[in-house]
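**Student:** Turn these sequences into a full structure, and let the hints steer you where they fit.
Quick note on numbering: the sequence shown equals residues 84 to 315 in our numbering.
Treat the hints as calculated values from the structure; they're not laboratory data. Note that beta-carbon positions come from the ideal geometry of N, C-alpha and C, so glycine has one too. You can trust all of the hints, since none of them are fake.
Listed next, with one range per pair, are the computed distances between beta-carbon atoms: (1) Glu-101 - Asp-258: 33 to 43 Å; (2) Asp-258 - His-151: 12 to 22 Å; (3) His-151 - Gln-311: 33 to 43 Å.
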Amino acid sequence: ANYAARSAGVRAGMWMREASQLCPDMVVMPYEFSRIMETAEKFYRAVLEVTPFVQGVSCDEVFADVTHLCSGDSSSSESGISTISTCQENPVDSGLQSSSRAWTATGLAQHLREEIWRRTGGCRASVGVGKNRLLARLATKAAKPQPGCEGCRLAALEGGVAACSSHPGVFVLQDSVAQEHLDALPVRDLPGVGPEAEKQMQRLGVNTVSDLRALPLPALREAFGAKQAQSF
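**Tutor:** Right, here's the structure in full:
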């Protein structure tokens, strides 16, 4: 479901009958795997021209280490890992790997969004930046358009690379506020916490990351087993 449909409450994996009730004007598109593969290749090439340090997650999501390209020090978080998630080729040579320019994390993330948009012919990317992969992935979640946001809905309908002013497509998670940001998140936002794990945690009184940090490890082990408890 694209973000215009998501703003009406449509979710991936939802039955068509329910989705049609939520969004009567919804247009159902067929899967076009050849175009998906073609677009994914353009997306990856756009990122690889910026940095060779790329780890693929899926056809539309990667981790990219851009520390060597960014200025600033560790206290400002103006360097680190980016998670980039996206949706007729217009080739652009970014030349960043050979450039002597020192980028800020925000500037580089915005540049990546523009490059991906131009290369893929219209795919909006969300870019999150943090000092490790977990923080970068959570930052990307904050960068994405939000269902129910009127600004995101209007931006999706207008087209172009521009995003909602409240959810601009780029989020840099600074070290100074990382713990505060994490503590306020629903525990479900953590990788590895699915619907069943979330229900178990709620029975333990755990609803946020802050609640989870306060829970004694023995209680977590008793509920999930030693191996899974350690992964949280």
